[in-house]
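Based on these hints, arrange chain W on the given structure of chain D.
Chains as they are written, first to last, in the working numbering: chain D, -19 to 396; chain W, 2 to 440.
In case anyone wonders, no lab produced these hints; they're calculated from the structure.
Please note: incorrect hints may appear among the correct ones.
[Said to hold, decoys possible] Listed next, the stretches of chain W that the computed footprint assigns to chain D, with coverage defined by at least 3 CB atoms under 8 Å from CB atoms of chain D:
no., stretch
1, 34 to 43
2, 282 to 288
3, 307 to 316
4, 424 to 435
All C-beta atoms in this analysis are idealised placements derived from N, C-alpha and C, irrespective of residue type, glycine included.
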Amino acid sequence: MKPFIYYTVIHFFLLSASGSHAQNSSPYSVLGIGDIEESFFNRTSGMANTGVAYRSKYYLIQNNPAAYSELQEQFFLVEASARGKAASYSGNLLAGGNNQLRDFSIGRFSMGIRAAKWWGSSVGIMPFSTSNYAFSGRKSIQGTHVFTNAEYEGTGGINRVYWDNGIKLGRHFSIGVGASYLFGSLNQKETLAGTEATEPIITSSNIFLRNFYFTWGAQFFSRITPKWDLALGATWSGKTDLYAQHATEVATSTTTIQSEITKNDFFTLPRTMAAGVAITKNKKLTMLADYRFQDWSALHYRGTGYSLKSSSRASAGIEFSDLYQVWPVSVEKTFYQAGVFYGNSYLSLYGEQLKDIGFTIGAGVSSKRSTLSYLVNLELGMRGTEANGLLRERYGKLTFTLSYKDFWYTKGIKYN
Amino acid sequence: MFFGLAGLVVSGCKKSYIQFGDQFVDNDYTHIILVDTITPVLSTVFIDSLITSQSGKMTIGRYADPVFGEISSAAFFVLSSPAGVPDFHISALFDSLELRLAGDSTYYGDTSARQTFRVHQLKEMIVFPEGMTSLYNTTDFAVETAPLGTVEILPEPSNKDTLRIRLIDSKGQELWELLQNKALEVSSATDFEHYFRGLKISTDHAHANAAILGFSDSVVMRLHYHEANPGIAEKYIDFPVTSLNKQFNQVVYSRSGTPLDVMIPESKELASADLSNAAYIQPVTGVFMKVGFPNIREAILQREDYLQLMSAELILEPLGGSYSRNNMLPPQLAAYTTDRNNQLGATLGLLGSTSSTDTQYGDLQTDWLNGEQTYYKYDVTTYLQQQLALSGDNTNALLFLPPYPALNTSFDRAVIGDAENDRGKVTLKIYYIAVQQRN
Chain D
-19 MKPFIYYTVI
-9 HFFLLSASGS
1 HAQNSSPYSV
11 LGIGDIEESF
21 FNRTSGMANT
31 GVAYRSKYYL
41 IQNNPAAYSE
51 LQEQFFLVEA
61 SARGKAASYS
71 GNLLAGGNNQ
81 LRDFSIGRFS
91 MGIRAAKWWG
101 SSVGIMPFST
111 SNYAFSGRKS
121 IQGTHVFTNA
131 EYEGTGGINR
141 VYWDNGIKLG
151 RHFSIGVGAS
161 YLFGSLNQKE
171 TLAGTEATEP
181 IITSSNIFLR
191 NFYFTWGAQF
201 FSRITPKWDL
211 ALGATWSGKT
221 DLYAQHATEV
231 ATSTTTIQSE
241 ITKNDFFTLP
251 RTMAAGVAIT
261 KNKKLTMLAD
271 YRFQDWSALH
281 YRGTGYSLKS
291 SSRASAGIEF
301 SDLYQVWPVS
311 VEKTFYQAGV
321 FYGNSYLSLY
331 GEQLKDIGFT
341 IGAGVSSKRS
351 TLSYLVNLEL
361 GMRGTEANGL
371 LRERYGKLTF
381 TLSYKDFWYT
391 KGIKYN
Chain W
2 MFFGLAGLVV
12 SGCKKSYIQF
22 GDQFVDNDYT
32 HIILVDTITP
42 VLSTVFIDSL
52 ITSQSGKMTI
62 GRYADPVFGE
72 ISSAAFFVLS
82 SPAGVPDFHI
92 SALFDSLELR
102 LAGDSTYYGD
112 TSARQTFRVH
122 QLKEMIVFPE
132 GMTSLYNTTD
142 FAVETAPLGT
152 VEILPEPSNK
162 DTLRIRLIDS
172 KGQELWELLQ
182 NKALEVSSAT
192 DFEHYFRGLK
202 ISTDHAHANA
212 AILGFSDSVV
222 MRLHYHEANP
232 GIAEKYIDFP
242 VTSLNKQFNQ
252 VVYSRSGTPL
262 DVMIPESKEL
272 ASADLSNAAY
282 IQPVTGVFMK
292 VGFPNIREAI
302 LQREDYLQLM
312 SAELILEPLG
322 GSYSRNNMLP
332 PQLAAYTTDR
342 NNQLGATLGL
352 LGSTSSTDTQ
362 YGDLQTDWLN
372 GEQTYYKYDV
382 TTYLQQQLAL
392 SGDNTNALLF
402 LPPYPALNTS
412 FDRAVIGDAE
422 NDRGKVTLKI
432 YYIAVQQRN
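Only chain D is shown next, with the shape it has when bound in the complex (with noise of 0.2 Å):
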């Protein structure tokens, strides 16, 4: 177990040292705190992310922190994702040639336990939105009527390390909490290129964010009849204010000509709230529907030609389980997933709230020599509009899970 989760966890780190440039790229990731990540990288993205209401013995749900409550006893799970992304795009103003984008990105890295009978936990780290972008400009050089070329690249993003709790109170409901560390910056270098200075001018802004983030959860589960199971489920996170430092440097190829931090303020992230169903047939086949909404309207950001408005996702699933009794516990051997979203996104350009609209399949498989699980899934989306100027982005989003679980300790099983 032990040299798993190290070569695990040295390569997850390794990976995302070295692929700094490897994230969710997108355009619209120029706006806001760039692309807010809609997907969880777990068993539940191969049901369109659906699963507030969704609980499992063996997999880290981080949809809702009451979930970890599920967790089989005296297991502890290991999990990690990773996500390759390929994109196209096209407009109205779009110029031709390349307009393609593929990038892969680290997506999920969690372990979990069942720390009590009443109590499940988990720890991991995930983005929380990334930026990433590039296009070139013109900016004129002031007292002339020339211009010099610009060009503009976003990177970074926000990470979210978080240590979620779900206890369970008597036997059909359960409680979350999950707590969140956020922190990352969001960086947009421009480079003044091809201009009668001899060398590139490059400008450097970067946005350091962080804080602390709670969501809040609870899911109501019982057996309606015989064959059939249902679960009810809802989350909640405050408005809260991300610390926010801005600085700036600009710089030669060189040589750094001035670096200060130029503010400090907040970005606050808006109330989010939650709420899914789940109902289970036979503990086989499970059909969920989730609705999220954050309340981006009310905090009034807005920029030249765009302003951040409340974002919804409504979104259901359905899985077929095949499950093998090993008694006294059943088994899953694999499942297969789908889902389907629409969204409209916090981003509103030109009075055109962007909506995301797609599908997701997924299946899992269980490792017959090892407590391997092996998680695949496949989202197609669209997000966008050619309207006003804008983009239509078509996008296909590859997700690899692998999910380890071993003995966490044993009193063994008493046989009467």
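Same frame as chain D, but now just chain W:
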């Protein structure tokens, strides 16, 4: 397997430029700003004399330049004895003596005017001033009253034909006898110099507004003779120039009636305001242009948004109408650092492609059609960065003059206007990085 796949995906990543976002991005922090309102200070530096010896070139002629005045140039040189004096046949007879000069196609002035070249023998030997090893444009040596020869020509500078000046037969006969007798006077260069002293070639005052022509310094005096042994054989003996360090050009000028006809102060420097709002360059007549930036520090550093000088270029526009095919601009002007004492320092360089520093010569662009795009241009970035770092009164400047050998052989000249001159001026373009002030 998982990480193998991840590795494959990572290697397939690509970041493309999607042309979107320009309208949303906050890019007001950094700007490049051009300032061309800072006025360089122009002046003209006058020098008393300039070394013209051993320049490799003889300049001979006269020209009345509308700006720089009446200018004449005369060549002085010393001839050497023949490399070897042959044994003459008894039938050998002197024919003629001539001076042969090879033109180098350069000229200054009006080549359509005829002019008369006069060759005078020096009355005294050419000797260096005490403690010196050079001769100057102001150096003079007395000559015999009667010329040894004269010739009237219509110059054809494009034709590099040899100019031949017939010298008087009496001098030729005198030399012939010395040669026939293998006299001491023609036995060595030193003895010949003591005997013959040297020659001066000048032009006649009657053609004051003609041209100054350029010749190679490999002039020879050729004595022609013939022998009948038994057939007629025409032969000659050359008296070459070998003491090149004693070949110099004397330049005499009169600035009367020109913008430069002013009282030259003790400082030998006059501001452009005192010289019709212009500065002047013609080193062989003793004028250099000086450009200073005494107010650069205040003008740039006091700008609130100033962050750093990125580049600076100095553009020198010759006055419209001040140059022509007869009054050519110097094709190259080097910029030498200097100070209030007008001593020449290092030349302004520019980092070349091979990391070596190349001297800047202004890369002259000549607009013969309209005259509006005629200019020299210099990258003064590094120089101004150095000046910006200096506090206190800045008396540093740049002196503009042609590089050697044009410096002391060419009569090309330029007139550059100051900021008040609307016929051509000096412009300083400064590009600096400006950053937004967040108060």
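Verification of the supplied hints:
1. 34 to 43: It holds, with 4 qualifying residues against the three required.
2. 282 to 288: With 0 residues in contact (Cβ-Cβ under 8 Å with chain D), the coverage given for the stretch 282 to 288 of chain W is violated.
3. 307 to 316: holds (count 5)
4. 424 to 435: With 4 residues in contact (Cβ-Cβ under 8 Å with chain D), the coverage given for the stretch 424 to 435 of chain W holds.
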